[in-house]
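Chain A is already provided as a structure; the job is to place chain B on it using the hints.
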Amino acid sequence: MNLQYVLPIWFFHWCEGTWLGSIIQQSKWSFALIETVHIMALAVLLGSFLIVDLRLFGLGMQRLTVAEVVGQFAPTSWVSFVVMVATGIPMYLSEAVRLSSSTPFFYKMVFLCLALLFHLTVHRSATNSGNAGTGLAKIAAGLSLVCWLAVALAGRAIAYL
Amino acid sequence: MHPADFFQWLNDLPFSVALREDDWPFPIIETFHILGLGLSVGVILWLDLRLIGLTLRRQPVSQVVSQLEPWAIRGFAIMFLSGSLLFLAEPMKCYTAIAFRFKAVMLVLAGLNVWYFHAKVYPKVAEWDTAPVMPWQAKIVGYVSMALWFGIIIAGRWTAYF
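Chains A and B, in that order, give the protein sequences.
In terms of my numbering, the first sequence opens at residue 1 and continues consecutively.
In terms of my numbering, the second sequence opens at residue 1 and continues consecutively.
Excised from the complex, chain A in its bound form:
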């Protein structure tokens, strides 16, 4: 399973032909540099999400309420998410054709959509309810972590498979 089943081949060629895509293709340093920023943003993103999800389990920043933890850590989560997308797009554009036949990349995108959807619905309900340690809180936190970790795992697998 890969993106070629979803989008036409000309789309991937078009991506590689964009200014951004071709600039990055030509310089191997620019790709490595952008990827390094992608990884640093990943550390920040996963860390922020982990702290919020730990709080939903009733662990970590226990002296703050759930709402306070979300208030402190959510903004940084979203800024680092934007950085990851902003660095992810140029990397994607430079290799769109190769990635169109990549199974891990396909699943990375699937998990990303799932993670976002889950985060903006179930997870948001759980954090809005303000209760940690409840069934909803733990399921929301656990599944959210699994989704985001699956995105990272699939991302790493792109190089191997």
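Simulated from the structure, these hints should not be mistaken for lab results.
Positions of the beta carbon are idealized from the N, C-alpha and C atoms, including for glycine.
Be aware that one or more of the hints could be misleading.
Far from chain A, some chain B residues (derived; all Cβ distances over 10 Å) [said to hold, decoys possible]:
| hint | residue |
| --- | --- |
| 1 | H2 |
| 2 | P14 |
| 3 | E90 |
| 4 | M106 |
| 5 | L109 |
| 6 | G111 |
Here are some chain B residues the structure puts well away from chain A; computed CB gaps all over 12 Å [as the list claims (entries may be wrong)]:
| hint | residue |
| --- | --- |
| 7 | P3 |
| 8 | W9 |
| 9 | L19 |
| 10 | A77 |
| 11 | P91 |
| 12 | L112 |
| 13 | V121 |
| 14 | W128 |
| 15 | Q137 |
Sample of chain A residues at the chain B side, in silico, Cβ under 8 Å [claimed, not checked]:
| hint | residue |
| --- | --- |
| 16 | E35 |
| 17 | T36 |
| 18 | I39 |
| 19 | S48 |
| 20 | L50 |
| 21 | I51 |
| 22 | L54 |
| 23 | M61 |
| 24 | A152 |
| 25 | L153 |
| 26 | Y160 |
Okay, now just chain B, sitting in the frame of chain A:
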């Protein structure tokens, strides 16, 4: 014995060869190393930002430390274990790669920074636990920690190149 001989000896160990040449060990261990970034650097970052005085300002420093440090320690344990195995998989490559030497030096400095914090700075935390401005020693520990950990991530990624 020349250092290179030691790393070559490590490199020739059956364990090292297996880690390097079997299909799955390296990718699996490396995945733990990358995902572990969140629990280690991703958590300690917040402690550093508190020491600098930029975030969680209404929380006493001691409370931020006591609540976050145990998790960061678990994260760094994962990083240390997975990192050691990754090193054991490619000792010669790590020895010859300049980027990895930078990483190793920065890891040692990061450890010294942690020691300095706990031995010389944190014992007096009661004096500035809720202070509006952090003492310069605490700020330095925070800045140095962030610079080193992000430098370590960069050097780690660039080990693949040089």
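Legend entry - Violating hint indices (sorted, rising): none
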